[in-house]
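Quick mapping for you: the protein sequence lines, in order, are chains A and B.
Using our numbering, the first residue of the first sequence is number 1, and each one after it goes up by one.
Using our numbering, the first residue of the second sequence is number 1001, and each one after it goes up by one.
Careful: at least some of the hints might be erroneous.
Stated by the list, open to error - In silico negatives: residues of chain B with every beta carbon more than 12 Å from chain A:
1. N1028
2. L1133
3. N1231
Unchecked claim - Calculated cross-link-like contacts (lysine to aspartate or glutamate; reagent style EDC-like; alpha-carbon spacing at most 16 Å):
4. B:K1171 - A:E12
5. B:K1144 - A:E54
6. B:K1171 - A:E54
7. B:K1178 - A:D39
8. B:K1171 - A:E64
9. B:K1171 - A:D126
10. B:K1171 - A:E42
Hints in this document: simulated from the structure, not taken from any laboratory.
Where a beta carbon is used, it is the ideal one built from N, C-alpha and C, also for glycine.
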Amino acid sequence: MFDINIVRKLLEKYDGEQGLSFDVQEIPGETPTFSVVVDGREELPIYISSTNEEVLCICHLFDEDEVKSESVAEMNQAMLTMNVPMPLSSFGIIGSQYVVFGAMSARSDIDELAHELGTLSGNSIDAIEALSDYLK
Amino acid sequence: MGQNIFQKLVSLVKGSATKAGEAIIDANAITIFEQEIKDGQSNLDKAKKDLTLVMAKSMEAARKISSLQADVAKHEAYVEKALNKDDENLAMEIAGKITEFEADLQIHQGAKDQYDTHIKRLKSQIKDTQQGLDKMTRELTMVKTTESVQKASQAISSNYASSGSKALSAKESLNRIKARQQETEDRLIAGEALRTEFEGESLEDKLRANGIIEDNSGASSVLDRIKAKKNKAQ
Chain A
1 MFDINIVRKL LEKYDGEQGL SFDVQEIPGE TPTFSVVVDG REELPIYISS
51 TNEEVLCICH LFDEDEVKSE SVAEMNQAML TMNVPMPLSS FGIIGSQYVV
101 FGAMSARSDI DELAHELGTL SGNSIDAIEA LSDYLK
Chain B
1001 MGQNIFQKLV SLVKGSATKA GEAIIDANAI TIFEQEIKDG QSNLDKAKKD
1051 LTLVMAKSME AARKISSLQA DVAKHEAYVE KALNKDDENL AMEIAGKITE
1101 FEADLQIHQG AKDQYDTHIK RLKSQIKDTQ QGLDKMTREL TMVKTTESVQ
1151 KASQAISSNY ASSGSKALSA KESLNRIKAR QQETEDRLIA GEALRTEFEG
1201 ESLEDKLRAN GIIEDNSGAS SVLDRIKAKK NKAQ
């Protein structure tokens, strides 16, 4: 099973081919969760939590009140269209927060997780850039 | 089974009751669901045990039937032999035995048929229960995942709010990240330029020290140059 503390240790000293750095911080609470800053992008931290089945990596993009009110429908359409070709990640909404997230098997190894985190971080930047016309 | 998890989510969205952190399915419902799965599993285990029992009984009946059929065949041969010896009475006695075997055979065959019908019923019941359980387990996984995502995102948003990163809009975040990337890139380029300059200089130094490049910037070379010019002019 996915052990969040082992993953944390592995990520912190991770020295993979992509040369990414991970800064891991634990978030107190009943569900084991931690935040990961990829390559110093502290503005867009990625949150990791896991169930028995899967590991969820979530990156908050923006709050719905940051979206121009007249553009919501069009932006949602754009996001659904981008969802399919976007590598490894998908868009979602949690509460009032638009997120980009990736779900992977709890049996994934550290290289796969590092790859997921790197891709998710890149996707979140690309997504905000692509959607910035819809934002206030 | 009522609404599946997606239907529940959609009706929540329609009712615009998707406040962050609001439980989609309360913990009580999950406990009940888990109990249902547990009950289903124990029913399934019982049905499987029943099945092996009935299958054993059917096999036993089949064994009994084939042994009785063998007995009938054997005794039919005896009848033939008795008739060959013109022992009508003995043949009659053996034939009587055969009817006993056949009566027995009928009883066991009937029992076996019943067992086999029971087996068929149990097998389809097990298949249905298993499918139902699989579906429930899948749904429970989804419900639990939804719940844990909610809990995680609750923990995340409270951390988010306290860390102050929420103060930044997405555009501001993007601009800061891009500015930092640009800075890193600039620094890399500058570092690269500086490195080549240094290395170039040190190479030049070596060449000069070796006399491969003539030193023509010193005072003596300036003097030589002027002298040479002057000599030419004369």
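Structure-based check of all given hints:
Under the 12 Å C-beta cut-off, the non-interface status given to N1028 of chain B relative to chain A holds; the minimum distance is some 17 Å. No Cβ of chain A comes within 12 Å of the Cβ of L1133 of chain B; the nearest lies about 16 Å off, and the non-interface call holds. For N1231 of chain B, the shortest C-beta to C-beta distance to chain A comes to about 63 Å, beyond the 12 Å cut-off, and the non-interface label holds. Between K1171 of chain B and E12 of chain A the CA atoms are separated by roughly 28 Å; this puts the pair beyond 16 Å, and the hint is violated.
Under the criterion of a C-alpha separation no larger than 16 Å, the hint pairing K1144 of chain B with E54 of chain A is consistent with the structure, at around 11 Å. Between K1171 of chain B and E54 of chain A the CA atoms are separated by roughly 31 Å; this puts the pair beyond 16 Å, and the hint is violated. Distance check on the hinted pair: K1178 of chain B and D39 of chain A sit about 12 Å apart at the alpha-carbon level, within 16 Å; holds. The hinted pair formed by K1171 of chain B and E64 of chain A meets the criterion: a straight-line CA distance of about 13 Å does not exceed 16 Å.
Between K1171 of chain B and D126 of chain A, the direct Cα distance comes to roughly 12 Å. Compliance with the 16 Å bound is thereby established for this hinted pair. For the suggested pair K1171 of chain B and E42 of chain A, the alpha carbons sit about 14 Å apart, so the restraint of at most 16 Å is met.
The structure is inconsistent with the numbered hints 4 and 6, although it conforms to all the rest.
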